[in-house]
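Quick one: dock chain against chain with the hints and give me the complex.
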Amino acid sequence: MSFLELDRVAKQFGAQTVVDDFSLTVGKGEFVSFLGPSGCGKTTTLQMIAGFLDPTRGAIRLEGHDLTVVQPAKRGLGIVFQSYALFPHMTAAENVAFGLEMRRVPRSECSERVRATLAMVGLAGYEERYPRRMSGGQQQRVALARALVIRPSVLLLDEPLSNLDAKLREEMQIELRQIQRNLGTTTILVTHDQNEAMSLSDRIVVMSQGRIEQIGTPQETYERPASAFVSQFLGKTNDFAATIDRTATPGQLIAGSWSAPAPAGLAGPVTVSIRPERIGFGDAGLAAKIVTRIFQGNHWLFQCESECGAVIVIRQNDGQPQPAEGEAVRLAWRPEDMSLRRAGGAA
Amino acid sequence: MSAAPATDGRDARTAWLLTAPALMLFVGVLVIPLAMTVMLSFHDWGQYKGIEPVFILKNWHEVATDPYFAEMFWRTFRIALLTTLITAVLGAPEAYILNRMSGRWKSFFLLVILGPLLISVVARTLGWALLFGGNNGLVNKLLMSLGLIGSPLPFMFTETGIVIALAHVMMPFMVLSVWAALQRVDPQIENAALSLGAGPFTIIRRIVLPQIMPGVLSGAIIVFSLSASAFATPAIIGGRRLKVAATLAYDEFLNTLNWPLGAAVAVLLLVALVLIVVGSNALIERRYAEVFR
Ligand SMILES: Nc1ncnc2c1ncn2[C@@H]1O[C@H](COP(=O)(O)OP(=O)(O)O)[C@@H](O)[C@H]1O
Ligand SMILES: [Mg+2]
Numbered sequence: 001m002s003f004l005e006l007d008r009v010a011k012q013f014g015a016q017t018v019v020d021d022f023s024l025t026v027g028k029g030e031f032v033s034f035l036g037p038s039g040c041g042k043t044t045t046l047q048m049i050a051g052f053l054d055p056t057r058g059a060i061r062l063e064g065h066d067l068t069v070v071q072p073a074k075r076g077l078g079i080v081f082q083s084y085a086l087f088p089h090m091t092a093a094e095n096v097a098f099g100l101e102m103r104r105v106p107r108s109e110c111s112e113r114v115r116a117t118l119a120m121v122g123l124a125g126y127e128e129r130y131p132r133r134m135s136g137g138q139q140q141r142v143a144l145a146r147a148l149v150i151r152p153s154v155l156l157l158d159e160p161l162s163n164l165d166a167k168l169r170e171e172m173q174i175e176l177r178q179i180q181r182n183l184g185t186t187t188i189l190v191t192h193d194q195n196e197a198m199s200l201s202d203r204i205v206v207m208s209q210g211r212i213e214q215i216g217t218p219q220e221t222y223e224r225p226a227s228a229f230v231s232q233f234l235g236k237t238n239d240f241a242a243t244i245d246r247t248a249t250p251g252q253l254i255a256g257s258w259s260a261p262a263p264a265g266l267a268g269p270v271t272v273s274i275r276p277e278r279i280g281f282g283d284a285g286l287a288a289k290i291v292t293r294i295f296q297g298n299h300w301l302f303q304c305e306s307e308c309g310a311v312i313v314i315r316q317n318d319g320q321p322q323p324a325e326g327e328a329v330r331l332a333w334r335p336e337d338m339s340l341r342r343a344g345g346a347a
Numbered sequence: 348m349s350a351a352p353a354t355d356g357r358d359a360r361t362a363w364l365l366t367a368p369a370l371m372l373f374v375g376v377l378v379i380p381l382a383m384t385v386m387l388s389f390h391d392w393g394q395y396k397g398i399e400p401v402f403i404l405k406n407w408h409e410v411a412t413d414p415y416f417a418e419m420f421w422r423t424f425r426i427a428l429l430t431t432l433i434t435a436v437l438g439a440p441e442a443y444i445l446n447r448m449s450g451r452w453k454s455f456f457l458l459v460i461l462g463p464l465l466i467s468v469v470a471r472t473l474g475w476a477l478l479f480g481g482n483n484g485l486v487n488k489l490l491m492s493l494g495l496i497g498s499p500l501p502f503m504f505t506e507t508g509i510v511i512a513l514a515h516v517m518m519p520f521m522v523l524s525v526w527a528a529l530q531r532v533d534p535q536i537e538n539a540a541l542s543l544g545a546g547p548f549t550i551i552r553r554i555v556l557p558q559i560m561p562g563v564l565s566g567a568i569i570v571f572s573l574s575a576s577a578f579a580t581p582a583i584i585g586g587r588r589l590k591v592a593a594t595l596a597y598d599e600f601l602n603t604l605n606w607p608l609g610a611a612v613a614v615l616l617l618v619a620l621v622l623i624v625v626g627s628n629a630l631i632e633r634r635y636a637e638v639f640r
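Taken in order, these protein sequences are the chains called A and B.
Under this note's numbering, the letters of the first sequence match residues 1 to 347, in that order.
Under this note's numbering, the letters of the second sequence match residues 348 to 640, in that order.
This is chain B alone, in the form it adopts within the complex (with noise of 0.2 Å):
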């Protein structure tokens, strides 16, 4: 045993020097960029002339007072709400039928369901335009020829559009989720259930969705964190008359050039979905410790 530190000295310094490449890479691509978007998110900017390299609170500021950005944020985090609530109620339903159909239909949908990952956000996104997009929109002009509405159907440009479309979007991660959860789920639980005189609604209820829970909850943080800083849904349905706080920080930096404001709208919307995810997975995890361990 007294070899043992020196050992674990030379073990400590092979570890380090293994994981120094990976390391780096890290820290090249992700710790400095980011760090130096924190900092430019304190420089000065104007019209005329450019940004300035000095440390004020004015873009913080102006985040902070001006009612336009906190609109904008609210927004943001209540399309990403929507959005969840909207996968987890269909989302956990569809992942326990999944798993309750047998071997062939089982793989056939699960398919079905993860196959919209293989296609491109941007392709999908464009589907929901071309279906619902004004008058032109294909659902929207077969409903109108049917007689049943008699102007399209509000989508594009609306909160509900985004909404409906990242639900979409974002359902493989949620129905995935809580696909795992039940493959951690005993087989005989519901007969066991069942055998003490409860009903399916009972089980359900008492039995099954306490058991998948943390899978609906895990799945929510993935959607509500990729909801809330998605890019190209809310591009493309929401455009620039709807922004939310990634478009916002987008056109900043590409169209009013205005980096350092757009680098504190990103770096704000960092910092609160690390804030939101960190809070609440350490909730879960104290609320179902002992369903996990």
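With the rest of the complex left out, here is chain A (with noise of 0.2 Å):
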């Protein structure tokens, strides 16, 4: 059941190609993030799906029909710029009755649905403020409520969010989530910020270098990174490597001094992909040395340094006393919380 979809998409400036080979299905109502480092296409997939540019090949379609033909004027979507582009003559009132005025709504109906429309975003009374007297996080909601108010088809977000302050960042976020759940609209984010796709999206798109990396929820694309570039680029990871000996029977992952049964499929050099936070001390396993040991609040952060190289642990701050720097200890992690890949290169 897709409702919007990209169909190969391509964009390229000149000589340089800046999204390849782009396919994507989104559902009615889903919330998909586009996630990757600055940079690597990800306004420029949203910009084709506004029309503001074309692509270069393939195709976009909203409900089967081709969107590449219709006037970025007449696509019906609603879109939140990075630097909210808000209209500075206007007051929020008339920033958001601006897209009911070129829809031609009238005029009784258009103010009800903006004055509802800015109580929603939680700005009731805010309605003849200019922008330039309003903060950041308020700007940022008239923006959202001049894109909600002409209830488009899709919301296109870009960035929204990364002007703001850490804890009015994780606020916004969470009432974004609870207004797209309530709207029920389709929505597509970009962001840079690995914690906010996955507290927002139903799922993500990672992105390298204009081609996509891997799509799947938040917790697929976290605890099975298709690549070494999704694992590092979704928070922390050690990745360390290697080898499959299938002449035992049953095989053997060894990695140093340390070995464990092998699951099946692989063989020879492969690379191992833990999660910090999945690493705990035990009696046996990979030997390593603490080198710092650093408190952060509610979790305590460890670098060790082991046969294999350097692990990065993350424990719990549950109260039980922890190893200290310098101390000699054991690193152990079950077999379900590691993925392997073959060394170099894709699973």
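These are calculated hints, taken from the structure and not from any lab test.
Treat the hints with caution; some may be incorrect.
As the list claims (entries may be wrong) - Pairwise CB distance ranges, derived in the manner of DEER restraints:
#: 1; chain 1: B; residue 1: S467; chain 2: A; residue 2: V70; range: 52 to 58 Å
#: 2; chain 1: B; residue 1: F548; chain 2: A; residue 2: S108; range: 25 to 31 Å
#: 3; chain 1: B; residue 1: T366; chain 2: A; residue 2: E128; range: 41 to 47 Å
#: 4; chain 1: B; residue 1: A629; chain 2: A; residue 2: K28; range: 54 to 60 Å
#: 5; chain 1: A; residue 1: S199; chain 2: B; residue 2: A359; range: 52 to 58 Å
#: 6; chain 1: A; residue 1: R115; chain 2: B; residue 2: D533; range: 23 to 29 Å
#: 7; chain 1: A; residue 1: R133; chain 2: B; residue 2: F548; range: 26 to 32 Å
#: 8; chain 1: A; residue 1: E128; chain 2: B; residue 2: R425; range: 37 to 43 Å
#: 9; chain 1: A; residue 1: G136; chain 2: B; residue 2: A359; range: 35 to 41 Å
#: 10; chain 1: B; residue 1: K453; chain 2: A; residue 2: E128; range: 52 to 58 Å
#: 11; chain 1: A; residue 1: G136; chain 2: B; residue 2: W407; range: 55 to 61 Å
#: 12; chain 1: A; residue 1: V70; chain 2: B; residue 2: W452; range: 28 to 34 Å
Stated by the list, open to error - Now the stretches of chain A that chain B is said to cover, found in silico as 3 or more residues with beta-carbon under 8 Å:
#: 13; region: 64-77
#: 14; region: 86-92
#: 15; region: 95-109
Using N, Cα and C, we set each Cβ at its ideal position, and we do this for glycine too.
In structure tokens form, the structure reads like this:
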């Protein structure tokens, strides 16, 4: 059931390919994030959906109809820009009303919808304020209201929260998710912040250098990263080299003096990837020494030097005594918490 | 904090000392001559007795009652107003189009527009005279030989001629002023309006124009005051047949040698300009408070 569909979309600026082979289907009411480092082509992709840029190749369809032949002004999408792009010479209410005016919505209905939408984003009573007289968070809400009031088929958000401070950003994330759930608006969010993508989205599209690395739920992409890039980009991770020895039965996964039964499939040199919070200190396991121990409130961060290189370990601060700096420890984890990839490539 | 007043006192004295040289220059070359000009406008003058340092209102009375001066000032401000309108109507779109051009073309055309600033006003105005001056003007000759016009286009010694030449001279000031305003406009704002369903004409009228209006208006103030006090262009195109306030004051000083009357004209022009500029500036600031803040 695809609502919005991107089919092998590509964009070139001169000789430079900025987006390539981008295929994605988005279901109605779904919240999808494009996640990737700055310059990987997220905005470019969003602008192609919005119609500000034409794809060099590929098709974009909305409910089965080709979207690329529709003028941007006629697409009926709601867009929130990174800079908000509010009209500085209009009050909050005038900003929000602009899209309705363009649609020739009758005056009484227009003012009622403007009032209701501003109230929904928590700006009741701010109707007559000019954008310059509002805080960043309030401007952000006006921009959101302006995009939502036209009841867009798809809401496109380009790094909408990146100009807010950390605390406000967290609040807005929760609010944004609630509003989106209540309205059921299909939403695409562009962000380079993995926490934002994970806490908001139904699915994440991880991008790197104009290409899709992985599409999956936040949990899938975090726990089953499809590539080294994804595992590195989505939070801290430990990658180290190991080999799978198939000459013994059952096969053995060997890293230094540590070994474990190998899962079926791979053979030869592999990369083992484990999240730092999945590693514990045990009696048996990979031999390591704690180099630094950092207290971070609700958890401890350990930097260890193991026989396979540097390893980061995160332990919940649950009141249990923790090993000290310089102490020799054994690192252990459950087999299902580690993911294996053929060395140097994708899984 | 108790030491603050003493420090403040010393700071203030240092500030005065540091600005003293510039201040003295300012007083010496601007304030004193200006005050002397104002005084001069109250002195008497006669063909044979020359300037008499007395305090009379003769010159002011003459300027106020003789319709010749009224006509002169009307013409001056009419020319300045028309020039301002032309530069605004042509310069604002020019700056907008320029701003939308991509990198290389942008720098090139910016240079084309600002280039004339590097050439003397006199040279530029003489260029117009060469093109349109009577029977020998290049354009007139061409059009007449093509049979498109029977007699040369009237340009020299006409208000139209002065306005066109002044608009050409003043255009860079308007373009630069609007350009500066455009730099403050969010580059995504047109896309925002577009996504809300606005057409290109609506975007210009409702989104872009209100935001660059302060730039257009401050450009207008610059162009208006420079045009109203312009000397070289009206002097060359209008000559002594079609005088404006600046050329009139010049003639009173250097040809008639009636310095006091020339001073009265100059002071009146200055006062009128200051009033117009300060007044419209205050209006603009009040009107566009929310855009500027
Ligand atoms: N109009 C353009 N012309 C040429 N290159 C562009 C243009 N817009 C973006 N790019 C390039 O495309 C790449 C991706 O840009 P963008 O989509 O903005 O990245 P992101 O939003 O992921 O940070 C960047 O390398 C950028 O320099
Ligand atoms: Mg971007």
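Checked hints:
no., hint, result
1, B:S467 / A:V70: 52 to 58 Å, "holds (54 Å)"
2, B:F548 / A:S108: 25 to 31 Å, "holds (27 Å)"
3, B:T366 / A:E128: 41 to 47 Å, "holds (44 Å)"
4, B:A629 / A:K28: 54 to 60 Å, "holds (55 Å)"
5, A:S199 / B:A359: 52 to 58 Å, "holds (56 Å)"
6, A:R115 / B:D533: 23 to 29 Å, "holds (26 Å)"
7, A:R133 / B:F548: 26 to 32 Å, "holds (29 Å)"
8, A:E128 / B:R425: 37 to 43 Å, "holds (41 Å)"
9, A:G136 / B:A359: 35 to 41 Å, "holds (39 Å)"
10, B:K453 / A:E128: 52 to 58 Å, "violated (38 Å)"
11, A:G136 / B:W407: 55 to 61 Å, "holds (58 Å)"
12, A:V70 / B:W452: 28 to 34 Å, "holds (30 Å)"
13, 64-77, "holds (count 6)"
14, 86-92, "holds (count 4)"
15, 95-109, "holds (count 4)"
In the structure shown, a violation is registered for the earlier hint numbered 10 alone.
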